[in-house]
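Peer 1: Residue numbers (our numbering), protein chains in the order written: chain R, 1 to 345; chain S, 1001 to 1290; chain G, 2001 to 2378.
One should not assume that every hint holds.
To be verified - Here are the simulated DSBU-like cross-link-like pairs (lysine-lysine), alpha carbons at most 35 Å apart as the crow flies:
{"hint": "1", "chain 1": "R", "residue 1": "Lys111", "chain 2": "G", "residue 2": "Lys2354"}
{"hint": "2", "chain 1": "G", "residue 1": "Lys2292", "chain 2": "G", "residue 2": "Lys2322"}
{"hint": "3", "chain 1": "G", "residue 1": "Lys2348", "chain 2": "R", "residue 2": "Lys89"}
{"hint": "4", "chain 1": "G", "residue 1": "Lys2354", "chain 2": "R", "residue 2": "Lys89"}
{"hint": "5", "chain 1": "R", "residue 1": "Lys89", "chain 2": "G", "residue 2": "Lys2112"}
{"hint": "6", "chain 1": "G", "residue 1": "Lys2157", "chain 2": "G", "residue 2": "Lys2237"}
In short, the hints are calculated from the structure, not lab data.
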Amino acid sequence: MSRYFGWLLVAFLASVPLWMHDFYFLHVLITTGIFIIAAMSLNLLLGYTGQLSLGHVAFFGIGAYTSALVSLGFQIHVLPDFTIGLAPKPAWFAMLAAVAVAGLTGYAIGKLSFRVRGAYFVIVSISFAEVVRLVAVNWVELTQGPMALNNIPVLRLGAGPLELSFLRKPEFYLLVLAVAVVCYVVIARLVNSRAGRAMIALRENESLATSVGIDVTHYLVLATVVSAAIAGVAGALYAHYIRIVDPDIFLFIYTVTMVIMVITGGKGTLAGPIVGGALFGFVPEILRAMEIEPELQWVVYGVLMILVVYFLPRGIVPAIGGYFSGQKSGGTAEAATTAAEPVQK
Amino acid sequence: MDELFQHFLNAIILGGTYALLGIGLTLIFGIMRVVNFTHGELYAFGAYCMYALVMIFHVNFFLALALAMAMGILMGAALEMLLLNRLRGADIDTTMLVMIGAWIVMQNMEQFIWSGVALSINSPFPANPLVLGPLSVSWNRVYVFIIALALIGATYYLVNRTRLGKAMRATFQDRDTAALMGIRIDRIHTATFALGSGLAAAAGALLGPVFVVTPTMGDLAASKAFAIVILGGLGNITGATLGGFILAFVEELGAGYISSGYRDAMGFLLIILILLMRPTGLFAQKERIG
Amino acid sequence: MATAVFLTGFVVTGAYAQETIKIGVTQPLTGAFAASGNYVAQGAKIAEEEINQAGGVLGKKIQLITEDNKSNPTEAVSTVEKLITKDKVPVLIGAWSSTLTLAVMPKLEEYKVPMIVETSSSGKITTSGNPYIFRISPTSAMEAKAFQPLVKKMGIKKASFLYTNNDFGIGSANEYSNMLKTNGATVGVMETMDPKATDFSAQLAKIKASGSDTLFVTTAVEQLTLILKQAKEQQVKVRIISCGGSNSPDQLIEQAGDAANGSYHTAFFPPWFPEVTKNPEVSKRYMAEWKKRGHNVGGLTEGFRGFDGVYVAVAGIKAAGKAEPEAIRAALWGVTVKGIYGDIHFNKEGPAGKESGQNVPVVYLVTITNGKVVKTSF
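Next comes chain R alone, as it looks inside the complex:
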């Protein structure tokens, strides 16, 4: 039954635009969907390789900027007399470019960052994200800095009478859904492959993994590249939906949002980011509709986070899975302790 559950869910979600005419709700689904894609990519690093990357928004932002710049065209001075330029390209090409550039950045940053682990890695990841943000702010010639890249073109596929334009909500929602499904499948395949098992091995006990011949750095970098590329796709979708990109896309709060989605949902599970994402994507909107003071909306959001993690420290999906298997739900401190002991994080 559970095999078909996934496809049933996708079919149900795909039918939403047919019966849901509330455009605001579709908007919430779209933005939540984009962040879920980013959360899934973070899950690969955080959940499957066990590396706490708090700079993930860097890849998201790089994807957004690349897609925006390639579809708008740009020109920069490399030397006082010498410029490099690119004429505007169609949006679909820009999005593919975004995936490539984000993946490449993932490769570079991965290779550099994985000289360190644990707490140091956390800080390095934050530092990279901050440096990328500052480059976006200060390299005005390329990125327009805080003046923002606006009027980003709408994604259009096909030509002439067959043209499909992704301006209206229903079409864009289906696009996000399609991309999300593709990314999910990619991640699922990766995680269930040899490479995926190697990643899980190094998450559980890195020295043991090395001793059996696993090239840890290689797999970490691989995970980072895939993770960055998927985050880049999310960023590109964002760019062509919101249609303005500025250095605020690197706001730390976006990384925090992704982290919340992954951990509350259940890191290291495929469904975790989706459940966590749905929950914490909708909660702010429900709070907004309840018309309580804005600051208190945030407080409720924060308290809810704490409660979820407190009572379900391993996340919602493992808790539900444990419940259905008849075991006690949630990880007790003891069980988590024994699991965590050998891994000196």
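Starting from the known structure of chain R, arrange chains S and G on it as the hints suggest.
Peer 2: Relative to chain R, chains S and G alone:
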């Protein structure tokens, strides 16, 4: 040349407070391995306490500092006992998420109570600066520097020369053995977190009168604190102290001579460079993790 | 997920009671810009109640629906989506900062709903070819232009700049420095600061060493307070002029104390002498009500933006004769409102065929002497 000396003087004064922030966090992040997102909020909490004590209750300025720090310690202890205690054995990112939740709650409660408008705290120091030839520095900052050094010294003494400090170091080096030796692990965890938070609150109470008090003031302070912890090596108090001064110098001179726009990036660039070359930070004695 | 569908469906049905005419307001009520956003919202509320007491518009009362955009562009877009698709507002006011406003502009075009821009200063907003934008606040270019005659009168020979590294600060610094150069002055150093920074010792040391006689600062009041204090601490003896209108001189006096004396500030509304404004009765009414509600006096210089915004929106509704977005949009071109910004009307700006509306507000320069704000003698 005058400009250079002024930059130097500014850096030394700034370094003191940075060091204070860094030490507080190195105890929590470095020793307890908690990614403490509330560190900045304790800094802001200390500043708001100072505001309330000095401007609303008209408490003596110097006494208010001690009280603000005490309140920071209590707040830290409360956070630890309420939130972290149960998650003692959980993964680093689980506790981190709880800290993020606490951060969101604290910052928004501050805005709810005080509104987002910047508040200023009156200090008893003269407004005119202390002038040393072509250089000048405000009296307030000199006071902050002196107190910061005193607090750093006191912390150093506490951790390295008292029984409590010894118990702390023992607990985090090898928890099970420490427990076997009769150390109350729970109490040590609470005490360490409380101490780190108290130092952050003290830094906030000291700097509140120098700058202005806003609900988001903690965010920048926290990011600098994390930078300093890495520079100095996790859990290394001496390293954090030196790291604080180094960061201050790099920021001042970098902003002064390279680019002011990138001033706050200097810290991050420095971290990246150092970690690439010396993955354990400049002064760490511990092994590389993992 | 089903619960979410149910709950949001719940809220939809509430929007059908058309007893009031709704006006959407999107402002940063939490996050980095919360202080200013809340002031603007407060000013808007004053206007709402004044108008309703006078009978509303088109025989109905108005109702402001204010949403928090959390100082975050994605949220800004969400607020506009919600206001337009769920609350069905025919006109909006927002979104405070230029990046937030730019973020929502594509939505305005998609749904064809006009928005009154009450604060943002980036030139891009009115030159991007969006006919649904009607800005009542001045651009940095206008501000700099208004300052021109003062360059010679104040004897400015060499000026440096200290500004926040965002569209607000950069735009302002560029406009002013260009204006100075074409008016016989030279530019010293142009220093930036991170919008969250609190220590400017490095930048101030450079400015001190540059030999400038004047320093133009563009940032919000929190940083401005610190800059004034630190400039005094470091004995940077230059004449400081703050630009951009987010400078709240009352708050500066309260918090920077003596360090604020001798500084100059551009203002788009001078609450210390409302009699010099174009429409003093309006200014005085607003101020009286603000004080009556016990709002912070330092917020007068931000709140009036919301106040004027609501009056302009209502004028548009009245001129259109119905609460429909397209009619309001067309009608806004012809309205004149006696507001605190001055006599508000909209000129065409931007690419032909898709112009946005831009008002030309009055710009004032004030100075602080002995802890009080006074008119400059120029």
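Peer 1: State for each hint whether it applies.
Peer 2: Status of the hints after comparison with the structure:
About 49 Å separates the Cα atoms of R:Lys111 and G:Lys2354, which puts this hinted pair outside 35 Å; it is violated. Between G:Lys2292 and G:Lys2322 the alpha-carbon distance is near 33 Å, which keeps this suggested pair within the 35 Å criterion. Restraint check: the Cα-Cα separation between G:Lys2348 and R:Lys89 comes to about 31 Å, which is no more than 35 Å; the hinted pair holds. Distance check on the hinted pair: G:Lys2354 and R:Lys89 sit about 24 Å apart at the alpha-carbon level, within 35 Å; holds.
As the CA atoms of R:Lys89 and G:Lys2112 are separated by approximately 27 Å, the hinted pair is consistent with the 35 Å bound. Distance restraint check for G:Lys2157 and G:Lys2237: the Cα-Cα separation of roughly 15 Å lies within the 35 Å cut-off, and the hinted pair is therefore satisfied.
Consistency note: the structure conflicts with earlier hint 1 alone.
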